[in-house]
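Given next are the chains, with one letter for each unit.
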Amino acid sequence: MSAVVEFEDVVAVTGSFPVLTGVDVSVNEGEIVLVRGENGAGKTSFLRACAGLLRVSAGSARVLGFDMRVDRRTPRRYIGLLGHENNLYRDLWAKEHVEFRAAAGGGPKSDAEAALAKVGFPSTLWSVPISALSAGQRRKVAIASVIATRPRLWLLDEPHAALDAESRTNLNSVLREAASAGATVVFASHESALSKELSSRVITLQGGRVAGDSGAS
Amino acid sequence: MSAVVEFEDVVAVTGSFPVLTGVDVSVNEGEIVLVRGENGAGKTSFLRACAGLLRVSAGSARVLGFDMRVDRRTPRRYIGLLGHENNLYRDLWAKEHVEFRAAAGGGPKSDAEAALAKVGFPSTLWSVPISALSAGQRRKVAIASVIATRPRLWLLDEPHAALDAESRTNLNSVLREAASAGATVVFASHESALSKELSSRVITLQGGRVAGDSGAS
Amino acid sequence: MLAEVLLLARKDLRIEWRAKVALGQVAPLTLLIVVIFAFALDANAPLLELGAGGLYWVAILYGGTLLTQRSFELETEDGNFDGFRMSSMKVHSLFLGKALALFVQICLLEIVLGPAILLFYDVQVANWALLVTAGVAGTMAFSVCGVLWGVMAAGLRVRTTLLPLLLVPVLAPVLLAGSRAFETALGVRADAGWSWTSLMFVISAVHTVVGLGAFGFLLEES
Amino acid sequence: MLAEVLLLARKDLRIEWRAKVALGQVAPLTLLIVVIFAFALDANAPLLELGAGGLYWVAILYGGTLLTQRSFELETEDGNFDGFRMSSMKVHSLFLGKALALFVQICLLEIVLGPAILLFYDVQVANWALLVTAGVAGTMAFSVCGVLWGVMAAGLRVRTTLLPLLLVPVLAPVLLAGSRAFETALGVRADAGWSWTSLMFVISAVHTVVGLGAFGFLLEES
Amino acid sequence: MSGGTNSTEMTATPATRVLGVSAVAATALMILLGLVISPADVVQGEAVRMLYLHVPSIWIAYGSFVLTSFSSLLFLARSKRRPDGGRHYDRLAGSAAEIGVLFTAITLITGMLWGKVTWGTYWQWDARLTTTVLLFVTYLGYLALRRLPVDPMVRGRRAAVMALISFINVPIVHYSVDWWRTLHQKASLSVGRRPEITGEMYWTLLYSVLTVTIIAAWLTVHRYRVIRLEELRDEETLEQLISSRRNEETADTAEPGDTI
Ligand code: HEM
Ligand SMILES: Nc1ncnc2c1ncn2[C@@H]1O[C@H](COP(=O)(O)OP(=O)(O)OP(=O)(O)O)[C@@H](O)[C@H]1O
Ligand SMILES: Nc1ncnc2c1ncn2[C@@H]1O[C@H](COP(=O)(O)OP(=O)(O)OP(=O)(O)O)[C@@H](O)[C@H]1O
Ligand SMILES: [Mg+2]
Ligand SMILES: [Mg+2]
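Protein sequences, first through last, are from chains A, B, C, D and E. Counting with my numbering, you get residues -7 to 209 for the letters of the first sequence. Counting with my numbering, you get residues -7 to 209 for the letters of the second sequence. Counting with my numbering, you get residues 1022 to 1243 for the letters of the third sequence. Counting with my numbering, you get residues 1022 to 1243 for the letters of the fourth sequence. Counting with my numbering, you get residues 34 to 293 for the letters of the fifth sequence.
Just so you know, the hints here were simulated from the structure itself, not pulled from any lab data. Please note: incorrect hints may appear among the correct ones.
[Said to hold, decoys possible] Each computed EDC-like pair below joins lysine to aspartate or glutamate, with the alpha-carbon atoms no more than 16 angstroms apart:
hint : chain 1 : residue 1 : chain 2 : residue 2
1    : D       : Lys1041   : D       : Asp1143
2    : B       : Lys110    : B       : Glu169
3    : C       : Lys1041   : C       : Glu1241
4    : E       : Lys149    : D       : Asp1143
5    : B       : Lys110    : B       : Asp63
6    : A       : Lys110    : A       : Asp63
7    : B       : Lys188    : B       : Glu23
8    : D       : Lys1111   : A       : Asp63
9    : C       : Lys1111   : C       : Glu1025
10   : A       : Lys101    : D       : Glu1025
11   : C       : Lys1111   : B       : Asp63
12   : A       : Lys188    : A       : Asp205
13   : E       : Lys149    : E       : Asp159
14   : A       : Lys188    : B       : Glu23
15   : B       : Lys101    : C       : Glu1025
16   : D       : Lys1041   : D       : Glu1094
17   : A       : Lys188    : A       : Asp63
18   : B       : Lys101    : B       : Glu169
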C-alpha cells in the first residue's frame, strides 16, 4: 500500500503563530483516519496543510506522492476538501452548484444528481437557491460537491456537524464505500461515537503535533 | 410558573416559503427544552421567530409576555441568541468582543472575563483577534457573549457544534446552572446523547410544525 | 443613551484603528483620484482652481461610500446583522453610534485630503470659517445618510452594489451644495456659500429625524 | 481548457443573471454618476471639455471596480476562496474564465451607458470603428486587470476598500488612453486615437501575460 | 391573513369604467385643443404644443409622489395597529409611485424632444433637467426596492422610509430654476410672468392638467387593483404551500430512524 499523506516533522505558521509544530504522520491508501483533539489543537491546520492551502515552512510533506513544498497545486486535483465553511455559491441552486463543482473537477455533470441523492438531499430542493437552504441542507450540498469530484483523498473537517442523525449514519456509509473503493479519508471530528465507529485509525493532535496515533507503524 | 414562550398556530414565511406552518408550543420558565427534527424541519426558523428576527405572519406569539406581532424589539433585551453563525466581529480580540456584547446588553464589562472562563476559553487567547481563532474557539467566544448578556431566555442553535468533548459537557453544566437560576433555555441540536441528557423536555419539529412534544401539557 | 452611542462608536473606531481602513486605504485612494483628475485636466492651473471644491466632494463621496460599505460589512459578516438586531441598545443609539463612527472616519479622510487638495491645486482659502463649517456640515450629511441607507441595504444580498445605488442619489444634493460652498470659501465664486452650508445642515437634520424615526423599522427584518 | 474557461464564466454569468447586478444596479449607478458629474462640472463649463469620452471612462472605471468587487465577493464569501483555490481547473482557465465573465458584465454596462452618453452630451460619432475597437480594448484591459488585482485582494481582509486602491492606479492609464481614443472617435480631438487604442491592447496583453504567469502564485498564498 | 374586502376578479368596476371613458374622451378633446385650436407660439412656433403634455405630466408626477409619501406615512403610522397591517396604504404608495415614474419619464421625453427643437440639443446640463433625472432615478430605486423578494410587510416599511426621503427631490426639482441659473423656463403659470401663456394657451394647459389627472387616477386605481390581485394570488399559493408542507410528515416518516 502506498502512502497518501507523508508528513515528517511538519511545521506550519499562520500570521506569526505556529499552528503545526512538528507533525509526523503517514496515512496509507484506503485508510479512514480520524483526527481528533481539543479545540485549537491544529486539526483544521493539519487538513489544510494536506490540501496545500497552508504553506509548510519546515519538515517534509508529501501528499499523493507530490512534495508539497514544491508543488502544492497539482495534488489538489485529486483532493476533495470539506472545510468548516461550506464554500458554496449562495446564489446558485443546489444542483447547479454541485454540477459546477463536478464539471470543474473534470467529471461529468451527471454525477451531481447521484451525489445529491447519496447524501440524502431531497430532490424537491434541487432548484432552490442555496441561500434559502437550512444549515444542514447546505452542509449536504457541500458534501455532495466533494463526492461529485471523486477525490482520491478526502479531507473532511467536521463532516458530521449540522447533519441530522440519519444523514450522519448515511454519511458514514458513503465514506466507508469510498474507502473500500480505494480512496483515503482523513477527517476531523468531535463526534466521538460516530467517528470512532467509522474510522480505522485515530490520530490525536495536541498543541499542533501528534500526541497519539492508534495506527502508528 | 409563567410561560416564557407561548406560540399558537404560528406561521412564518421567508421569501414566499412557509418555514413555520402552525407551531403550537408553550415553554415555561426554568425549562430546558430541546428542539429536534430533521435538517430543514424548521428548528432555526422557530428559534428566530422566538427571538423576533423572523416575522410571525399568522397565529399568536408571545415571548416573555410581549406580543411578537406588536413589539418584537423590547423582548430582545432579555433574550440571548446563538445562531448557526457566530455573529463575531472578526477584527476585535476575543475579550473585547465579549466586553462589547456585555456592555451593549447593559451589563458590566467585567462579566466578560467570567463568561470566557465559564466556557473554558483559555486566557492566553483573550487578546488574539477573533479571525485567528479556531472554529471551536470562536464558538466559545460566541457562547460567552451570550452568557455575558445574562439573558432570561436563551435560544441556542446547535450550541454543541464545533466544541470538543470537554467543552460540551462543560456547556451543559453552564446551561443547567442558568436554568436553575430561573432562566429558560431553548436549544436545537443534533447531538442526541448530550442534549437528551441536558434537556427536561423534547419538542420534535417536522415540516415546520410540532410533531411531538414530550412535555405537552 | 450617550453611553451606548459612545460604546458602539468606540467599537467601530477600534476596528478602524486595527485595520486602518480609512487612513491606510481609503485616504490614499481618494488622494489618487484627485491626482489623476488633476493630471487628466493637464494641470491647467486656473481650471484646477475652479474645480477644486467640486473634486474634493466627489472624492469624499467616493471615499465615504466605501467607508459606509465597510462599516456595514462589519455588521453583516459572519451573520453579524442578527447580532446587531438582537442588540438591546436603543435603536436611536445604534443609529447615532454608527453615524458618529462614520463621521469620525470621514473626518480622518478629509484631514488627509483637504491639505492635499490645497497643495496640488494651489488654491487660496478666502474664508476659513465657511470652509470648516461647510466641511462639517457635508460630513454630517454624508455620515447620517450613509448609516440610514447602509442599514436599508444591510439585510439584503448584493449590498456591495445596492448601497451605492441608493446612496448616491441622496448624496448628490450634498455634493452640489458642498461644492458651491467650498467654491465660495475658496473665493472663486461669489455665491452665498453660507446658504449652501445651511442646506447641508438641513439635509443632515432631515435624515437624522427620518433615521431616528425609521431605524427601528429598518432593523426589523432582513 | 476552453471548456473550463466557459464553465467558470458561465457560472459567474448565471449568478449575474439571477441577481442582475450589472444591469439592474451598477448600470443605473454609472448613469447617475455621469449625470451628477456633468452637472457639477458644468458650472465651470471649460471643465466639461474633458468631455463625454473622459466621463464615460470614469463611469466605467467606477462601475467596473464595483463589478470586480462583486465578482470576487462571490469567490470569497462562505469561505469560497478555498473552493476557488482547491479547484482542479488549470490556473489559466481560472484567470481567463473570471476575466471573460467580467468582460461580458462590463460590456452590458457599456451597452447601457454608451447610448445614454451619446444622448446626454449630444455628441456625434465621427468614427464608429475606432469607437467600438477602443471600447473593446478598454473593456478588455479593465477586466484583465480587475481579475488580476481581484485575486490579489481576495485572500485578504478589508478587500472592499483594498481592491479599489490596488485597481485604480493600474487602470488610470487605461482611463486616459480610453478617453483620448474616444475623443478622437467623437471627432473632438485630432490625436491618433488608434495609437491610444493599441496602447490599451498592449496594456491588456501585458496584464494577461502577467496574469497567466502569476495567477498560480497569487492563488497559493492566502 | 386574508383581510381582503372586495376581491374583485377584474380590475375594472363601473366607477372606474366611467373614469376610463372620461379619460379617453378628455384625451380626444385635449388633442383637439392642444394640436388644433390653441395657437402656435410667437417665439417657439408649433413646438410649444409640447407644453400641454410636458407640464401636466410633471405636475401629475409630483402629485403621485405626494400621494406615495402620504400613504407611506400612514402605512408606517398605522401598520402596527391594523390586523391586515395597513397593506392598502402600501399598495397605494406603490401604485402611485409607478404612475409618478411613468409621468416623469413622459416629461423627460417630451422635454428632450422639445429641447432638440428649441435649444438644438436633446440635453443641457441644466439644474432642472438634472434634478429631474435625479428624481426619476431615485424613484426607480424605490421601485427596485419594492421588487426585492422579502417579506411584504418588511419590504413595505423599508420602501415607505425610502419614499419619505425620496420626496425631498420634488421641491428640489420645482425650485431648481430659482436656486440655479437655468436655461429652463421659470415657474410661471400662477404669476403669469411669462407673457406667452395667455388666452387659449392658458386654458388649454389647464384643461390638459385636468385630462392628465383623470388618466393618472385611472391608471393608479388599476395598478392598485392589479397589485391587490397579485397579493391575493400569492396568499393562495402560500396557503397551498403551507398545507403541503404540513403534510410532509406523511411522506417522510415512512423512513425509519426517527424515534423518541
Ligand atoms: C429633458 C428636458 C426637460 C426636462 C427634464 C424638463 C423638466 C421640467 C419640469 C420638472 C417642469 C416642472 C416645473 C415645476 O412646476 O416644478 C417643467 C416645466 C416646464 N418646462 Fe420643462 N423640462 C425639459 C425641457 C424643456 C424644454 C426644452 C422647454 C421649452 C423650451 C421646457 C419648457 C417648460 C415649461 C414652459 C414649463 C412650465 C414652467 C412653469 O410654468 O412652471 N422644458 N419642465
Ligand atoms: N495569531 C495567533 N495568535 C495566537 N494563536 C493563534 C494565532 N493564529 C492561530 N492561532 C491558534 O492556532 C490554532 C489553530 O488551530 P486549528 O484551527 O487548526 O484548530 P482545530 O484543531 O481545527 O480546532 P477546532 O476543533 O476548534 O476546529 C488555534 O489554537 C489558534 O488559537
Ligand atoms: N425559497 C424556499 N424554497 C424552498 N424551501 C425553502 C425556501 N426557503 C426556505 N426553505 C426551506 O425552509 C426550511 C428552513 O428550515 P430551518 O432553517 O428552520 O431548518 P432547521 O430545522 O434549522 O434545519 P437544520 O437542522 O438543517 O439547521 C428548509 O427546509 C428550507 O429548505
Ligand atoms: Mg477546526
Ligand atoms: Mg438550523
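Discussion item. When the structure is checked against the list of hints, which entries are broken? Sort them ascending.
Written reply: Checked against the structure, the hints that fail are numbers 1, 3, 5, 6, 14, 17 and 18, while the rest are satisfied.
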